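Residue numbers (the numbering used here), protein chains in the order written: chain A, 1 to 303; chain B, 304 to 559.
DEER-style ranges, computed between Cβ atoms:
| # | chain 1 | residue 1 | chain 2 | residue 2 | range |
| --- | --- | --- | --- | --- | --- |
| 1 | B | P326 | A | R186 | 50 to 58 Å |
| 2 | B | F488 | A | R52 | 49 to 57 Å |
| 3 | A | G98 | B | F488 | 54 to 62 Å |
| 4 | B | L552 | A | R288 | 41 to 49 Å |
| 5 | B | L552 | A | G191 | 46 to 54 Å |
To spell it out: a stretch of chain A is covered by chain B in this simulated footprint if at least three of its residues, at any positions, have a beta carbon under 8 Å from a beta carbon of chain B; those stretches are:
| # | stretch |
| --- | --- |
| 6 | 59 to 72 |
| 7 | 78 to 90 |
Quick caveat, the hints were computed from the structure, so don't treat them as lab data. Nothing here was measured: the structure is a model prediction, and the numbers come from that model. Cβ atoms here follow ideal geometry from the backbone N, Cα and C, with glycine treated the same way.
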Amino acid sequence: MGRGEFFAFLGPNGAGKTTTIRILTTLLRPTSGRARVLGLDVTERPGEVRRRIGFAMQTVALEGLATGRENLELMGRLHRVPGPELRRRVDELLELMGLAAVAGKLAGTYSGGMRRRLDLATALVHRPDVLFLDEPTEGLDPQSRAALWQELARINREGTTMLLTTHYMEEADQLCPRLAIIDEGRIVVSGAPAELKRGIGADTVTIQLEAAEGEMATRQDAVARLLDGFSPLQGLERTDEGVRLAVVDAASTVPDLLRRLDGDGIGVRALTMQHPSLDDVFLRYTGRHIRDEAADRPLEIGW
Amino acid sequence: MLAFARETWYLGLRTLRRFLRVPANPISTVIFPLIQLVGFSQLFRDIIQLPGFAGQTSYLAYLAPGQIAFTVFLAVSWSGSNLLYDYRNGYLDKLRAAPIRRYSILAGELVPLGLECAAMAGVILLVSVALGASVATGFVGAVLILVLCAAFGVAWSGTSFLPALLTKNEQATGTLSILFFPLAFMSTAFVPVRLMPDWLQVLNAVNPISYVIEAARALMTTGYDWGAIGAAVVAIVAVGVVLQGATLLAFRRLTN
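Work the whole structure out from these sequences, hints included.
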């Protein structure tokens with residue numbers, strides 16, 4: 001990825017997003033291969049990499065018994081930001097993150113959204129060239145999430161290169177001009193979201209069928225028969241309530257499609273059309289839905 | 304070296320704040336020694352008439368150095384839990400991704416811990432003096448006692464750091480702290496070695512806390528006994544090399 005970019009790794013839990021980001025932030029040594037950040041090899045020059053990156057982890061890591069300001073000052077000091085500049089920067093970040101009013105309160109008393117914002121601010125104190133964000137909006141309510149998205153977009157506009165991991169499709173879609181879909185430790189496809197979606201070529205038409213108990217299979221067979229030879233149709237999938245169709249240019253071909261279904265006692269209860277989503281892209285390349293399996297975190301057992 | 308000191312300073316300030324902002328921390332540390340100091344000095348007031356106490360004028364004066372040293376055990380009994388907490392909630396990773404020496408993280412725990420030990424032992428020392436004990440060597444001697452306490456505390460804290468780092472289990476962090484029972488009660492904190500049965504005398508000879516207590520007692524009741532002070536330093540260094548050496552290796556493994 002290039003300088004100034006806002007790039008996303010999109011994939012289900014357990015796909016290897018966090019592992020990748022932990023290698024890039026020098027926390028994990030790669031078992032094989034090389035990784036470079038800002039042209040610096042992360043295994044050979046971890047110190048330089050650490051000086052120039054910021055990292056907001058999946059779990060918010062703050063000192064609860066220190067105030068918001070103290071949390072920021074500590075990270076700034078450890079990154080060797082000189083005193084007067086640090087004070088300016090901390091004030092600026094507190095203002096930016098809407099935390100100025102609670103700067104003197106212990107971080108342990110903050111709400112979930114405030115903790116997220118403070119955590120993000122601690123990753124920005126030293127003005128990193130690259131910011132790594134591992135699931136930055138995990139566990140936030142929709143409102144806080146939207147607010148944070150705006151924040152992230154602005155930080156990127158101001159020149160910080162950003163790499164984000166997420167399993168929220170909307171997040172990658174909204175924020176990132178380019179993304180990579182990652183599954184089982186491999187990048188399966190990458191590109192601009194719009195391009196990837198265009199690559200799917202078909203919209204999704206979901207039809208709920210009227211069917212008495214036990215009759216659904218017969219109805220679905222009838223639909224399949226009636227649509228046989230309908231040229232815009234690219235795929236048909238049976239669901240519990242009817243069928244899901246992949247149809248090219250659904251908006252203009254659906255009237256035709258409905259005319260074909262008019263007969264054989266087929267009753268359509270509902271019909272919805274959708275342009276391809278990143279989930280469809282994911283499905284195309286991996287054969288699974290992005291939310292199909294949520295890999296459990298490894299359980300840690302002490303003794 | 305300067306960078307190491309700088310990082311230790313800032314991380315140490317954080318550790319110190321953590322300790323001071325929870326009043327239960329200092330209170331729970333001093334309460335037990337205070338009770339013993341006040342209670343036992345009255346309960347066993349006349350024990351000094353036993354021949355083994357030759358030369359002692361009050362049991363309070365005999366008891367005080369033991370309680371001062373005893374405070375250190377309590378001050379470090381859960382000392383490994385901060386680091387374990389950081390490991391669990393991701394703060395340790397945050398520090399590791401920062402451009403600092405990783406041993407600054409450990410030093411940022413241990414240096415404030417020494418200060419905490421000195422401060423808590425200092426509270427008991429002040430109370431002892433208020434109750435009538437005295438420090439024969441004056442202010443300098445008192446400072447020396449607290450320095451010995453701080454050093455012993457840092458060395459002994461390996462009994463908490465080591466299980467914390469090896470098991471990553473909160474419960475294990477304080478388990479070894481029960482060692483203070485046999486160590487303190489079979490030391491010379493309560494009775495002189497001459498009053499102990501032979502087998503206890505043998506155990507006492509390898510009990511590190513007894514050396515610290517004897518040095519502190521000399522500084523409080525007689526004067527600068529460099530033999531006793533030297534023995535205490537040797538005992539502290541021996542404990543420190545073994546326990547903190549192992550802690551260092553465990554920390555290294557954890558942060559690799």
